[in-house]
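Undergrad: Kindly produce the complete structure, drawing on both the sequences and the hints.
So the protein sequences, as listed, match chains A and B. Heads up: the first sequence begins at 11 in my numbering, then just goes up one per residue. Heads up: the second sequence begins at 11 in my numbering, then just goes up one per residue.
Derived from the structure by calculation, the hints contain no laboratory data. Treat the numbers as computed from the prediction; the structure is a model and nothing was measured. Among these hints, one or two may not hold up.
As the list makes no split between identical chains, a pair holds if one copy fits it or if it spans any two.
Listed next, the in silico SDA-like pairs over lysine to any residue satisfying Cα-Cα at most 25 angstroms (straight line) [unchecked claim]:
(1) K226 with R12
(2) K281 with V304
(3) K226 with N116
(4) K321 with R93
(5) K321 with Q118
(6) K123 with Y14
(7) K236 with D341
(8) K321 with D90
(9) K123 with G291
(10) K123 with A263
(11) K123 with A13
(12) K281 with L336
(13) K281 with V299
(14) K321 with P95
(15) K123 with E342
(16) K123 with R12
Number of protein chains: 2
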Amino acid sequence: MRAYGERSPYETTERVIRELTASPGTGSSRTPHQDLFGTITPSALHFERHHSGVPGIDPATHELLIHGLVDRPLVLTMDDVRRFPSFSRTYFLECGGNSIGEQSGNTQPDVQKSHGLLSCTEWTGVSLALVLREVGLKPEAKWMIAEGADAGRMARSIPIEKVLDDALLVYGQNGEALRPEQGYPLRLLLPGWEGNTNVKWLHRLQFTAEPAMSAKETAYYTELGKDGKAQIFTFVMEARSVITRPSGGQRLAPGGGFHEITGLAWTGKGKITRVEVSVDGGKAWADAVLQEPVLSLAVARFRFPWMWDGKPAVIQSRCTDETGFLQPTHDELIAVRGLNSGYHYNAIKPWQVSADGSVTHV
Amino acid sequence: MRAYGERSPYETTERVIRELTASPGTGSSRTPHQDLFGTITPSALHFERHHSGVPGIDPATHELLIHGLVDRPLVLTMDDVRRFPSFSRTYFLECGGNSIGEQSGNTQPDVQKSHGLLSCTEWTGVSLALVLREVGLKPEAKWMIAEGADAGRMARSIPIEKVLDDALLVYGQNGEALRPEQGYPLRLLLPGWEGNTNVKWLHRLQFTAEPAMSAKETAYYTELGKDGKAQIFTFVMEARSVITRPSGGQRLAPGGGFHEITGLAWTGKGKITRVEVSVDGGKAWADAVLQEPVLSLAVARFRFPWMWDGKPAVIQSRCTDETGFLQPTHDELIAVRGLNSGYHYNAIKPWQVSADGSVTHV
Numbered sequence: 011m012r013a014y015g016e017r018s019p020y021e022t023t024e025r026v027i028r029e030l031t032a033s034p035g036t037g038s039s040r041t042p043h044q045d046l047f048g049t050i051t052p053s054a055l056h057f058e059r060h061h062s063g064v065p066g067i068d069p070a071t072h073e074l075l076i077h078g079l080v081d082r083p084l085v086l087t088m089d090d091v092r093r094f095p096s097f098s099r100t101y102f103l104e105c106g107g108n109s110i111g112e113q114s115g116n117t118q119p120d121v122q123k124s125h126g127l128l129s130c131t132e133w134t135g136v137s138l139a140l141v142l143r144e145v146g147l148k149p150e151a152k153w154m155i156a157e158g159a160d161a162g163r164m165a166r167s168i169p170i171e172k173v174l175d176d177a178l179l180v181y182g183q184n185g186e187a188l189r190p191e192q193g194y195p196l197r198l199l200l201p202g203w204e205g206n207t208n209v210k211w212l213h214r215l216q217f218t219a220e221p222a223m224s225a226k227e228t229a230y231y232t233e234l235g236k237d238g239k240a241q242i243f244t245f246v247m248e249a250r251s252v253i254t255r256p257s258g259g260q261r262l263a264p265g266g267g268f269h270e271i272t273g274l275a276w277t278g279k280g281k282i283t284r285v286e287v288s289v290d291g292g293k294a295w296a297d298a299v300l301q302e303p304v305l306s307l308a309v310a311r312f313r314f315p316w317m318w319d320g321k322p323a324v325i326q327s328r329c330t331d332e333t334g335f336l337q338p339t340h341d342e343l344i345a346v347r348g349l350n351s352g353y354h355y356n357a358i359k360p361w362q363v364s365a366d367g368s369v370t371h372v
Numbered sequence: 011m012r013a014y015g016e017r018s019p020y021e022t023t024e025r026v027i028r029e030l031t032a033s034p035g036t037g038s039s040r041t042p043h044q045d046l047f048g049t050i051t052p053s054a055l056h057f058e059r060h061h062s063g064v065p066g067i068d069p070a071t072h073e074l075l076i077h078g079l080v081d082r083p084l085v086l087t088m089d090d091v092r093r094f095p096s097f098s099r100t101y102f103l104e105c106g107g108n109s110i111g112e113q114s115g116n117t118q119p120d121v122q123k124s125h126g127l128l129s130c131t132e133w134t135g136v137s138l139a140l141v142l143r144e145v146g147l148k149p150e151a152k153w154m155i156a157e158g159a160d161a162g163r164m165a166r167s168i169p170i171e172k173v174l175d176d177a178l179l180v181y182g183q184n185g186e187a188l189r190p191e192q193g194y195p196l197r198l199l200l201p202g203w204e205g206n207t208n209v210k211w212l213h214r215l216q217f218t219a220e221p222a223m224s225a226k227e228t229a230y231y232t233e234l235g236k237d238g239k240a241q242i243f244t245f246v247m248e249a250r251s252v253i254t255r256p257s258g259g260q261r262l263a264p265g266g267g268f269h270e271i272t273g274l275a276w277t278g279k280g281k282i283t284r285v286e287v288s289v290d291g292g293k294a295w296a297d298a299v300l301q302e303p304v305l306s307l308a309v310a311r312f313r314f315p316w317m318w319d320g321k322p323a324v325i326q327s328r329c330t331d332e333t334g335f336l337q338p339t340h341d342e343l344i345a346v347r348g349l350n351s352g353y354h355y356n357a358i359k360p361w362q363v364s365a366d367g368s369v370t371h372v
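TA: Okay, structure coming up:
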């Protein structure tokens, strides 16, 4: 018996780490969806995306400053935050740059590399709208600038409507305290919105009339269109799905036979209502089964029984959400968006199953 | 960044280990509910209860034998098990001996010691009924004897009706492989039934006309009534609830003020429909809020806003499930069951809040 458990030494699936600069701890690590089950991502395998390393914060000294266009500026300790009524819900979190190379054709060979900046966990915290009753927002407060306590003081501007709708100050994840790489001891959680806006190691909320135009909302996390103009503040992660098994790098026993096709679907606009699977390169589509309960703003696990005939096949999934949005093909997506950007890429991802059972990206 | 994450060094909550015999790894470790959030128990803090240690099993060589009153006996490898259509769902798991001392008045000082043999995780596996189509049950098969690969070959007899209803062969927990202490690589999962029947390290299923009358269903996990007769095969865990915060051993700031009362409720008979909280020693009761979604056979998180007046108070919760069953008081329970046993104890647990803010068991 162990006071805090560990996995079996036979289990070796890991996050794939990609350091982006010479600055230690700056880059990403990706969730190994090809090896995972169900809808909950283990906290130890939740994706990471850091811009200035991971600060080691003592929760006993951590403070959240709330100031700017408020009647009563306030400093909250972690004990203060935990005194508020709490709230728990399962939400997906996806980096705005998930699959960023796929749009321009720099495709990745496996689902971890292509879709690994997505995870889904049960978060616990307090409604930010409730906390803000303590400070009193002035009518001219239209934006909230959320700043983290990482070395670079990463900051994003959030419209007041989202702040007052469903934003959370989160301190719990999958039942225990947030992990350091998820913002310990406190992060902002904006359900359905691009990961970067969910500011980690949250230590300051400033209410303003205008956005900050910070580096991460101007130089990064903007979308350069076909006409050379960039869209900024593209917050919502739109509907997408991907087959996680069989997926790139895996190998089926050759000769055909029964295989379950399974994967994940999610949308920042509410609930996934339908996932379809094609096993013939996109000519015919049939409904997959969604694992109940399908939760709003969480990943849905889909499953599709496939009797493989042993011949080469292209398998893929597409989803529909409650707004009626149907996940586009790659060609449909670039016809609208062009090739200049790559944030918020959400096209269908086909996998090639060869006669020898190997699975590769198309 | 780390390939497999760990929690902050400031987070130190742990399972409490109780070794029951001189045999290493035999005993229990309990989930620290006083420190946890939401409904998902982290796998690292899921309770343990072992009767003969934790075997270290290589999944590449593990086999499940299905035999007895079947048409086609079968040996399945883990690869075979994973080829079947999969299924994921969040279920609570509770040891039949959770709170075993409370019935006779041997009360525990905190919720971890009194209620820590309960946890709740998302399980993934395959429907056992589906697997059994491959072997073909004979009509005279009325019981399934499930045996684990631990040193003692722990075995339990399961009625065929439960086997064919919702029993699962489980290999995934909270998104990744089962932890060793939860039966890696394969366990039986019987939703809502006492933990001991959910046989870990599962390596044999024998179908029989009669139960095995194994040690753990005769000498243990039976309930000795007031008349000196023992009930056996009391499988279902009935409805219960407990306040996890504030709970024994915790301390509120003295002087009163707002505190959220929160806890867990669960029932082996389906859904929790209502949780009530009393802050006056059981005279008045008011409805708590249940965190949505409330899932069948999973824990429900309840919350109740409490403006403490700073005076001594006795706080407690009681739940109702979809069968209409209302959780009893300690006195009501022992009036029916007497004091000889202690398995399946599910009475209301009151906590005393003193004027100095300390919380103790009543």
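Undergrad: If a hint holds in the structure, say so; if it does not, say that too.
TA: Hints versus structure:
no. : hint           : result
1   : K226 with R12  : between (42 angstroms within a copy, 24 angstroms between copies)
2   : K281 with V304 : both (7 angstroms within a copy, 17 angstroms between copies)
3   : K226 with N116 : within (23 angstroms within a copy, 58 angstroms between copies)
4   : K321 with R93  : between (60 angstroms within a copy, 19 angstroms between copies)
5   : K321 with Q118 : within (23 angstroms within a copy, 63 angstroms between copies)
6   : K123 with Y14  : between (30 angstroms within a copy, 16 angstroms between copies)
7   : K236 with D341 : within (14 angstroms within a copy, 74 angstroms between copies)
8   : K321 with D90  : between (61 angstroms within a copy, 22 angstroms between copies)
9   : K123 with G291 : within (22 angstroms within a copy, 56 angstroms between copies)
10  : K123 with A263 : within (24 angstroms within a copy, 49 angstroms between copies)
11  : K123 with A13  : between (34 angstroms within a copy, 14 angstroms between copies)
12  : K281 with L336 : within (13 angstroms within a copy, 34 angstroms between copies)
13  : K281 with V299 : both (15 angstroms within a copy, 23 angstroms between copies)
14  : K321 with P95  : between (57 angstroms within a copy, 21 angstroms between copies)
15  : K123 with E342 : within (23 angstroms within a copy, 58 angstroms between copies)
16  : K123 with R12  : between (33 angstroms within a copy, 16 angstroms between copies)
Against the hints set out earlier in the document, no violation occurs for any number.
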